Amino acid sequence: MSEGENRKLILYVAGQTPKSLAAISNLRRICDEHMSGRYEIQVIDLRENPKLAREHSIVAIPTLVRELPVPVRKIIGDLSDDEKVLVSLRIEGE
Amino acid sequence: MSEPSAELRRRLLEAEETLRAIREGEVDALVVGAIDREQVLSIGGDPEAFRSFIEGMEAGAAVVDDSGRILYSNGAFARLTLRASAQPGDTLADLFDPETARTLADCVESNREGLQDLRIPSGPRGAQKFLQLSVRPLQLGLDRGTAITLTDVTERIQAEREEQAERSARAIIASANEAVLVCDLRGIVTHANAAARAVYAGDPVGLSLAQIVPMTFVDATGLTGTADLLEFAAAGDAIQGIEATAQNAPAAKDFLVSAAPLRGAGDEVNGSVVTMVDLSQRKAAERRQALLMRELDHRVKNTLTLVLAISRRTLLKEQSFDDFQTAFTARIQALAATHNLLAERSWEDLSVRDIIDAELMPFVDIKRPRIEIDGLETRVQPRAAIALGLVVHELATNAVKYGALAREGGHIRISSARPRTQPDDPLRIEWREHADRLVTPPLRFGYGQTVISRSLEYASGGGAVLRFEPEGVVCDLAVPAVDVVDATV
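Chains A and B are the protein sequences, given in the same order.
Straight run, no breaks: the first sequence in this note's numbering ends on number 94.
Straight run, no breaks: the second sequence in this note's numbering ends on number 489.
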């Protein structure tokens, strides 16, 4: 797989709310199990800097943004549904 | 579809997805506010979850308003206050006895900015329950309230008391003179005081008492050993004061042993307490007494035999009853003089000088220059003392009747004849009279001469030789070495 096919994922959380903590944990688990070595995760705490919500027009927290590869996709919630997450993160042609 | 409309459609789907996620509780925070003034707002905090948590707490928790009225309380709070339930609207006075309610009301009023712990006894009379009460101010929206928590610390208090009781018990055990060993139901030593060293040289704790202190019991039928003793006690029976021999004990072996069940708070038997008193001193005293009794019996018999012999021989030799009475009485008195000395010294050994002093006392003032005693500090055993006493008495009697003490001017010198160099050398004493006149041997020898020459012959090396020299009588005495107490040889 080429470098350009790597996923760049941004998870927006709000401090340590239960759903935020669950989303961080679920995302790491899913990536480890299904995309080992082919992803990059950035966690942004909007409680520390709410203005960062603007870039991806985040309203609900937690929200996961698949920034790369385009098109950008969003998944709202604590990422507890593996199937749903994998469908949203799937790259065309895979 | 044109690109703007596709973007619009995407944003619509995203808005719908966001609403769905909020509705279905998949998010717990929202970004709200105008551009540049965004804030994160937590939503969906589940009050039921917190209520469940509070209800599940072991500690009692309640919130009261300014007037001490219950706004909320959990089940533990009602349980700890011994109420079926505590309803919102109840006052502190409804839940607590008047004194506790007053204390609580004071706390509510006076501790709004702090935390105060109280211990209050609760529960039916006799069965005390100890609660730790914590009062803390609480902001209830716009109103102020007070959070009260109750923690049951009865077990902790009881544990502290038990620990205190155990410390006291340990102090008592430690200060006991007798060995005290506490065992569990398996016979393993759990506590032992310092005196227990008398029964086991090392640290007995953690070891089996039956193995480290095996005992045999003198008169206790049915008890075959230490394990039996422990079983008796563990079964709830007390055993008091039985004599035992602990063959592995480091020094003394004889003990007076008692064992009692060790009862816990619920009167159940947790083990046994064994006390062991050292009997060695008592046993030694008993043995000494028995020895003394045998010795006394022996001496009485010897003395009676001696008295009978003196009586018989005196009777044979004396011419008249008056002579017999005089001679016999004097000899018995001579015997008594030595006996008195021995009695004063608990039948220990006597110095030769003391014996001679006691025997010469009836005849002459020993401090006057007619008697010269040189040395003779050597000590002899009671058997030699009695014989020597009789011999000296006979020599003195003769000296008063016929020899150096019969007239003014004579004197007697008694001295050590020759120093002892070997342990089996007899102690040699010379009795030398200076009569101040010519002395001739007597024509007839009485019983006195027999006493002089024979009394010290009871053991090897002992005896006496009487010589009649012109200046006076000379007697060479030899006390058998076996009865001479002399540390220098």
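Source of the hints: derived by calculation from the structure; they are not laboratory data.
None of the values given here were measured: they were computed from a predicted structure.
Some clues are possibly wrong.
[Claimed, not checked] Chain A residues, not near chain B, derived (Cβ > 12 angstroms throughout):
(1) Y12
(2) R28
(3) I30
(4) C31
(5) H34
(6) G37
(7) R38
(8) Q42
(9) V43
(10) V59
(11) E67
(12) L68
(13) R73
(14) D81
[Said to hold, decoys possible] Covered stretches of chain B (chain A as the covering partner; in silico rule of three or more C-beta atoms under 8 angstroms from a C-beta of chain A):
(15) 145-157
(16) 342-351
Where is the CB? At the ideal position from N, CA and C, for every residue including glycine.
Checked hints:
no.	hint	verdict
1	Y12	violated (8 angstroms)
2	R28	holds (19 angstroms)
3	I30	holds (16 angstroms)
4	C31	holds (20 angstroms)
5	H34	holds (21 angstroms)
6	G37	holds (29 angstroms)
7	R38	holds (26 angstroms)
8	Q42	holds (17 angstroms)
9	V43	holds (14 angstroms)
10	V59	violated (5 angstroms)
11	E67	holds (15 angstroms)
12	L68	holds (17 angstroms)
13	R73	violated (10 angstroms)
14	D81	violated (9 angstroms)
15	145-157	violated (count 0)
16	342-351	violated (count 0)
The structure fails to meet hints 1, 10, 13, 14, 15 and 16 from the earlier list, while all remaining hints are met.
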